[in-house]
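Below are the chains, spelled out letter by letter.
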Amino acid sequence: MSDLAVAHGASRRFGDLLAVDDVHLQVGAGEVVGLIGANGSGKTTLIRLLLGLLPPTAGQVRLFGEPPSRHTRARLGYVPQSLGLYDDLTVAENLAFSAGAFGVHDTAALQGDLAAVRDVLVHELPLGLRRRVAFAVALGHHPDLLVLDEPTSGVDPLQRARLWETIRASAEDGAGVLVSTHHMSEAEQCDRLLVLANGRVAAEGTMDEVVGGTRAVEVRTSRWEEAFTALDAAGLPVSLVGKALRVPGADREAVGRPLAGAGVDADLGIVPASFEEAFVVLAAGRAA
Amino acid sequence: MSASRWGVDGLGVRYGGRAALDDVTFEVAARSVAAVVGGDGAGKTSLLRALAGTVRPSAGTVRRPDDRRIGYVSAGPGVWADLTVEENLDFAGRAYGLGAGRLRSRTAELLERTGLGEARGRLAGRLSGGMRQKLALAMALLHEPALLILDEPTTGVDPVSRVELWRLLAGAAAGGAAVALATTYLDEAERAATVLVLDQGRALLAGTPDEVLAAVPGRVVEAEARPQGVPAWRRGARWRAWSPDGSPLPGTTEVAMDLEDAVVVAQLAREQRSAA
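As you go down the protein sequences, you meet chains A and B in turn. First residue of the first sequence: 1, per our numbering; consecutive thereafter. First residue of the second sequence: 1, per our numbering; consecutive thereafter.
None of these hints come from the bench; they were simulated from the model. Worth double-checking, as some hints may not be accurate.
Stretch by stretch, here's where chain B covers chain A in the computed footprint (C-beta under 8 Å, at least three residues) [what the hints assert, rightly or not]: (1) 30-40; (2) 50-64; (3) 256-268; (4) 279-285.
C-beta: ideal position from N, C-alpha, C; glycine also.
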């Protein structure tokens, strides 16, 4: 089965700025691919290329084997960060409007929580339910490819798990899913990640593969305040976790020297970096 | 004397007839970061406002320093978009009653620490989200508050800026401040010394991250397919499930749970109780 969405050496230039630079990406049926990047990494531009809202200035973008168009839009479900709902229409009206736009006649009956609020105006719903409505709208025409921008931002863990249940059910039914996010809790839900930094692919693979060999130095001391101040003054990317300190991407000596200089006794250990730490090290590496 | 401990005891907050918070206790000690976690509408903002003294409790007590020793960063922009970075700091400094000399030295220090020095003449409305949040934090730090209160400082902020914001607030804690922050991200809460998880205005879990994990009854397991007969939820391509009495579930393997699992379990347990 061929890929649903493909970027092949895709680039997009705005004047002097190369926002997306030679990016290769494939999303196949049944897989959930995470597109991870900081602000300004090119994530949003790449999504716009894939949606056909913007043509690439070099390379190719294909949706379902053809260039993005009105025709391919009909096979695509998109949930933007702003959710894209009509706040002053009810839940049922939003669904009917979208079904009409996509020419869908066999709309599924609303279930559970959503059935209970079918006649409520969208702006009166809590965020978790608004997100569920946005999913129902995006899934109403049974799209082959789902593009989701930070789909579970702002909701609690149980609601997040239930939103992921819906996303995973679509993937198991054969849809491809592309999730654009910078939240680690969303990245870890994906089968595969593409990390963008400064418009280029900085890393690719499963979460473990992206973290790869990145390590952090863990600092344990009874005087964390002084240790923090010394490491921070030395320009190291130090972070506080409980009462321990972590310095990703640094070696034992670089951390030990400022501590010794400040006269702080500490136990130093080398530990695997978290995904967020690895991400920041990758982003800094690309910027350098 | 032991370090100052600010916080709320048995706090209730009502808006009209609606209870936003019910019997919530939260403590934040000097030289540490305490996190309040919850989704939209859980009551995080009400708790922080009560701590800051901008919402009157309907029940319970609030222990806080006087207004001039509090730094508060509200959710949302928190800066004046039509003023430059430097004008924002100047305005905040005067509001806190800082003398000209101290205001000058604190401004220089914070511009350097936040990396906003080169943007000092830029309108705050033209800053990126991450830079705007750093400016709001710098404004709240000008007068070296004893209690720093931050309402979702990292929402919508990318990971690179998020790490920098955490470095700034850890620096404030290292300097002696008590830091209370609200977040929707559990991975962020795992960095705090103590965590309070709110759900529908009530405390769901509280303690150090390790204490919260240790208090979850039973065990959490992982499986390829949805385990039957027990509460289960999605985690990536696999399923997680909770065995309330800890009895083994066929076809599953036990996993080391994290805060995300602990909160899901607590929310499921609450749902079961209210359905019963």
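Outcome of the hint check:
Given as covered by chain B, the segment 30-40 of chain A passes the check, having 5 residues with a CB less than 8 Å from a CB of that chain where 3 are the minimum. Judged by the Cβ-Cβ criterion of 8 Å, the segment 50-64 of chain A is not covered by chain B as claimed, because only 0 of its residues qualify and three are needed. Counting residues of the segment 256-268 of chain A whose CB falls under 8 Å from any CB of chain B gives 0; the rule of at least 3 is not met. With a threshold of 8 Å between beta carbons, the proposed coverage of the segment 279-285 of chain A by chain B holds, since 4 of its residues qualify and at least three are required.
Violated hints, listed in ascending order, are 2 and 3; each of the other numbered hints is respected by the structure.
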